[in-house]
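**Q** The primary structure of each chain is shown beneath.
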Amino acid sequence: MNILVCLKQTFDTEEKITLENGRINEEGVEFVINPYDEYAVEEAIKLKEQFGGEVTVITIGPERAEQALRTAMAMGADKGVIVDIEDLGDNVDEHTIAQVLAATIKEEDLAFDIILCGYMAIDDGSAQVGPRLAELLEIPHISTITKLTIDGNKVTVDKDVEGDVEVIESTLPILVTAQQGLNEPRYPSLPGIMKAKKKPLTRLELDDLDLDEEEIVAKTETIEVFLPPKKQAGKILQGELVDQAKELVHLLRNEAKVI
Amino acid sequence: MNFDLTAEQKMIRKLMRDFAEGEVAPGADERDRTKRFPKEIFEKMADLNLMGLPFPEEYGGGGADTISFAIVVEELSRVCASTGITYSAHISLGCAPIYLFGTEEQKQKYLIPLCQGKTLGAFGLTEPGAGSDAGGTRTKAVKKGDTWVINGSKCFITNASYAKFVSLTALTGEKEITAFIVPTDAEGFTVVDSYHKMGLHSSNTTELVLENVKVTDREILGERGKGYKQFLITLDGGRIGIGAMAVGIAQGAYELALQYAKERVQFGQKISKFQAIQHKLADMAMEIELARLMVYKAAWLKDQGRKFTKEASMCKLYASEVAMRVCNQAVQIHGGYGYMHDYKVERFFRDAKLTEIGEGTSEIQRNIIAREIGC
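Note that the protein sequences, when read in sequence, are chains A and B.
Using the UniProt record's numbering, you'd call the opening residue of the first sequence number 1 and step up by one each time.
Using the UniProt record's numbering, you'd call the opening residue of the second sequence number 1 and step up by one each time.
These are computed hints drawn from the structure, not numbers from a lab.
Careful: at least some of the hints might be erroneous.
Unchecked claim - Computed list of lysine-lysine pairs in BS3-like fashion (alpha-carbon distance at most 27 Å, straight line):
(1) B/226 with A/46
(2) A/147 with B/44
(3) B/310 with B/226
(4) A/197 with B/44
(5) A/235 with B/270
(6) A/199 with B/10
(7) B/270 with A/230
(8) B/44 with A/48
(9) A/16 with B/310
(10) B/44 with A/195
(11) A/195 with B/118
(12) B/44 with A/46
(13) B/10 with A/16
(14) B/353 with A/16
(15) B/10 with A/197
(16) A/197 with B/297
(17) A/79 with B/118
(18) A/231 with B/270
(19) B/262 with A/230
Claimed, not checked - Not the full set, but computed from the structure, chain A residues with beta-carbon under 7 Å of chain B:
(20) 70
(21) 74
(22) 187
(23) 188
(24) 189
(25) 190
(26) 191
(27) 193
(28) 194
To be verified - Residues of chain B clear of chain A, computed beta-carbon distances all greater than 10 Å:
(29) 2
(30) 10
(31) 29
(32) 64
(33) 145
(34) 176
(35) 218
(36) 266
(37) 362
Note that the Cβ used here is the ideal one computed from N, Cα and C, for glycine as well.
Same shape as in the complex, but just chain B (with noise of 0.2 Å):
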């Protein structure tokens, strides 16, 4: 049992802190108001080749492993969660299915654009009727000919208007769900940004229409009939990156507080010598701490090439739960500022409500955790 990170993972964290801090921090409370999509922050992290971190050098990836893009999304959400989640999708739902399933030829066209941060990844799955239960997707793939043919729409997706291709789902048979690599700029091909958000922002969160989109053999991901597996491989290893980005979004919401009750007097002395307000703060890094050793470990089963299913939805579940208590007292301690944008934990607050839900709602995480248990 070892529980130090390794010389690199410690390197990471320290460049990722400082470049949050430095790259990250300085304009999220605008980009939050005006909704203004980070481009050149993930410019920036490609040039320090960021972009395919856990993915081998051969497809211009880094060759670190899973805890550490656990670190980076960690440390980019606990200043800006809408450049967490912008990350944590384009690593585990953009680049990790076409590293995973894709052919060599698909990892040589797609995977190397991706890593190297020319485009985002994206990966559309989610429609009006069907997140989960993929029994209720809508969107067909009919093949004439030598191609195929697709139509539906896709709700919700993360990074398209900045991704040259997304990874979708589609029916191509009665049952039977097929993943296609659809370039965004396709005919037929809409991409729609129009969401009015609770929080994140400045991340992009899209709407897919698909009209007669046509695509050939070559662009099915992988195998066709393997779509509804691929993606419940796919959202295991994203529900680290969920973790993560609950973990980072709570540990910057927990640190405002406890600055915060450091300053802030009344009735004579600092609140953080009173006894309420320090039982919040003790829960809210005891919380933490264990949410953090659950994603790590989730990441380190992952690691290992072991099985992490349970341990993915516990570390995503019990650690967005975490976020959104700990961002609830963190505003409590604030008080009427709390209230404020100017003090960032009520962005906080609204941000972290998003990890209950992506990637699978809690209610599904415990439905996940219940069936690998045995129930």
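Bound-form chain A, shown alone (with noise of 0.2 Å):
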């Protein structure tokens, strides 16, 4: 079985956030591999043992996304390709990512019988790549899945809809996105660390792929970059139970603005 795993080198998640001259600060942060998308890996790895084959994971990154693609070789992928598209500058989105994707499994003649990725990044948290991707190799997806059952030719998953689950059922070849509760990671094994530096890597970049800058730069804009406002002290409301009541009707109308 041939796996394609999609994945994104994120911050870690213990990471404070701030700012610097309107852009998150990256200095001295600690980067992890997505945690949607290391559930992806470990599916990928899963299948690799049930039914052979050869797991090749995908990143677009700067160089240190390297890392991402090592721990993921680390865990049991086989080979990685690593996209700089650093040429772009901030012209990106989930659209551009899409298509470099896209463009890198044709380049790469990369054949799949399935495609795993996180349902989103918790950085950008869109949850578009995946199904974006789907549609321009023109295969069926199923997103935020939990179980996943391969057949024959059949795929079966539970697909997390709200809390609530939905059974589907498919075909390879596929995409699926993964939700939290699909699989627990492995930890990587000491032999699969010392390892993982020897397995292939393919870097690209921009030139190598077979798109038109124009068609691929960001559809979207960001205007601003903001922290969310810090939280205000709550407020404990108090005297008899109807008077609570009307207050709290009160503030609802007038101060928070929400009735």
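Hints are included, so try docking the two chains, each in its own frame, into the full complex.
**A** In structure tokens form, the structure reads like this:
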């Protein structure tokens, strides 16, 4: 089975986000594999263990993103592709990423029976790249899956729908995106870590891909980046219940203005 | 000069941070109270092939370096020093002597199961009357025909209850010390686990009693009469482990103190805003950084195949004293809560003291450094 995993290197979930000149400051920050993408990597390795084949991990990012691919390789992925699109600067959005991923798969002749992605990246949180990529490749996709069963050509998934479960059947080739609960990612083993560096890694730049820069530049524009407002101290209402209810209604109408 | 860890070292640090947080930290307080040895943690570490980390793959090891070993010990000790010392002793006292001095046959027989984590490693040196003063060794091995008959006792031996064999030293002549690899199930070999310790409650510390234990020449570690030299070299490596353990304990206590200082409000502000507290935390951060650099330097020298006796002593001495200072101040910053078990720093405080004693006291480290600088 040929398995592709698209992953993104993101801030460690414990990092504090700070802004500098209207941009997120990356100085001294620890980076990790986006946690949802880690589920995708784990599921890919499990599929390989079950059916044999090869797991290829693909990422788009600067040089430091290689570490995320090496970590996936330490877990058991076989090879990797890293695409540097820094030439595009800030002109990048989900549309761009999906186009570059599709072009990379084509350029590298990456055969696939299944493509796994995290359902969203914890930084941008758009949850678009997976489905967009599937559209470009003209294959079916199912997002936010929590269980995956493959039998021959038949694919059965549990899909998380806001806390409920939908069971969906489809066929290979397919793209699925991983929701929390799909699996428990393994720790990379020491031999895995020691071998990761020796696994094949292809580096591509935008020029290596058959793409028209004008067509792939972002279709969205970032106007402003700002941190959420500091949490205000809560208010505890006092007095008789009737008065509290009245005051609550008053505050909801006039202060919070939610009614 | 390059202060960056390699990609492998970084991944090992990340792995061990995740493993320590996920598998080691959750039960650490309870284990400290119940004095339960976390066998399951070492089984999981064996699954990840970590139990032979710095030894060659041909013996079931991981082929990683001493810096990686220090990283693993630090990360374990950052959440549970008992786990840290168990691992450190397994590698540097259990596996290392067999790797360094054992015959090929002994490496096949003993080092492979150690690296695979099928047994923990232990090293029997200290006796009631002998530790760093090897001249006080009383355990004797007498040759009768083809058999060596060993009598004597050892104290403060880490891991022996979980070891299938122990390398231990015995007199084989007037002043001749030889190390033997003795199976713990040999007739006359008793492992006693009954110490009441100040800290490191979930590590295994034992007495060994040997009554007419019989072994043969094949159980001599390497060569007869080399025991003294072997244990000096073994302890050099072990000190890097204890230094790393001390750094881990200090780092763990410091993080707890920093966190607490940023939450605790007194006199209308967080106590981290008071300069008296800030200076304590700044000193902690600085000293831990320095101790870690010294541990890395000693480990790096060892990895380069260079002499590291002095640096190993320096890192062990400095890091252990830093651990004591940091834990003391971490408890102080917590005030009354710091004296309570639930706030963890009292466990770190008790555990830290061992690092000033084990594998050569601070006084012995100063003796070694003094000798190395030509006093």
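**Q** Return the numbers of the hints above that this structure violates; sort them in rising order.
**A** 1, 9, 14, 17, 30, 32
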